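From first to last, the protein sequence lines stand for chains A and B.
First residue of the first sequence: 1, per my numbering; consecutive thereafter.
First residue of the second sequence: 1, per my numbering; consecutive thereafter.
FYI, nobody ran anything at the bench for these hints, they're computed from the structure.
Small disclaimer: the values here were computed from a predicted structure and weren't measured.
Note that beta-carbon positions come from the ideal geometry of N, C-alpha and C, so glycine has one too.
Any given hint could turn out to be false.
[To be verified] Facing chain A, a subset of chain B residues (Cβ under 8 angstroms, in silico):
hint, residue
1, Leu-5
2, Ile-8
3, Ile-12
4, Pro-33
5, Ser-34
6, Pro-35
7, Gly-130
8, Leu-134
9, Asp-135
10, Gly-137
11, Tyr-139
12, Gly-140
In case you want the letters, here they are:
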Amino acid sequence: MKFLKYTSLLFTLLFALSANAVVEGYKYSFDNEIDKRRFEHLAEELRCPKCQNQNLADSNAHTARTLRDKLYELVKDGRSDMEIMDYMVARYGDFVRYKPEVKSSTWVLWFGPAVMLLIAILIVVALKQSRKPKADEANGHELSAEELAQLDALKQQNSQSLSQNEEQDKQ
Amino acid sequence: MKRVLLFIPLIIFIGLGWLFFGGLQIENKDVLPSPLIGKKFPPFELPILIKEGEQAKLVNELDLRGKPALVNVWATWCPTCKTEHAFLNQLNAQGVRIIGINYKDESEKAIQWLAELDNPYEFNVIDEEGRLGLDLGVYGAPETFLIDGEGVIRGKHVGDLNAKVWKTLQPQFEALK
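Let the sequences and hints guide you as you build the complete structure.
Right, dumping it as structure tokens:
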């Protein structure tokens, strides 16, 4: 049992590591480290138009390979990051950016969750504050004379029914 | 009054639910909206498929002008293109102008294919390396562009053309000049 547990854990970790591999065995060679890093960075910033939940670095799709080749060409050509992004967006649309741009049409996407969390916190705080004063009132409230009399009557009833039950049990 | 605050999360939830439900109605979310609609057809200069004995010829984007056309991106390695082909033949018989882009393919295979399955294309651009396809934002054959008489892209359809698709595409196409 233990053996199974540890080997399955090992395999899970190994698979997780392999997700970092860039491209399936394709070697893109660069003259300098900067270009290489730029290439890898941009490959992670661009989405594969076919396998849309993967970036160019991870995807094995035919289209991804075509775009990687083009990316390689553009980087070698000396184009800037922004020029390359603009090139891709001009042909494939905004969706090809793996990380959406922060512009007015994507504000809801970027800030939505944080805003909703904030609203939720505010509501919780507001509710807590409205509850507190009521609780204090209840504690400090003393019983009036009427209520004391009612309490005595109830107590008497209670002791009567208890002694009745005892008699019944004896019989 | 404070009780009303309790309803805010519910209201937000319903609002989002409505939004997402609307999203479910979008038929095909795999299709990316094309940024090329309304733009001129990207410039290119490429050879066309020729039969034996014919003169080799280069065409460019200006050769697409004249009459509205369907520009169909296809290849012999694409099985869906084969299914689509019969429908393209039908359209051609109806007088629809169809220009082909043979995308990342082998010309010999393409010519063979057309000989076997009939040729609905006015001519076929050979895009062997896929550079034109890249400029068009092609990410999966078959794809079809609608262009008007001036060579401006007016529409795009990703996936095969068939009778069902043509129902919505035809009015759009016929409105072009």
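We went through each hint and held it up to the structure:
1. Leu-5: holds, 5 angstroms
2. Ile-8: holds, 6 angstroms
3. Ile-12: At 7 angstroms from the nearest chain A Cβ, B/Ile-12 passes the 8 angstroms test, so the hint holds.
4. Pro-33: With a minimum Cβ separation of about 6 angstroms from chain A (threshold 8 angstroms), the hint on B/Pro-33 holds.
5. Ser-34: Since the shortest Cβ distance to chain A is 7 angstroms, the answer is holds.
6. Pro-35: Nearest chain A Cβ about 4 angstroms off; hint holds.
7. Gly-130: Check passed: Cβ of B/Gly-130 comes within 6 angstroms of chain A, closer than 8 angstroms.
8. Leu-134: At about 6 angstroms, which falls below the 8 angstroms cut-off, the nearest Cβ of chain A leaves the hint on B/Leu-134 intact, so it holds.
9. Asp-135: holds, 6 angstroms
10. Gly-137: holds, 4 angstroms
11. Tyr-139: holds, 4 angstroms
12. Gly-140: holds, 6 angstroms
Checked against the numbered hints given earlier, this structure breaks none of them.
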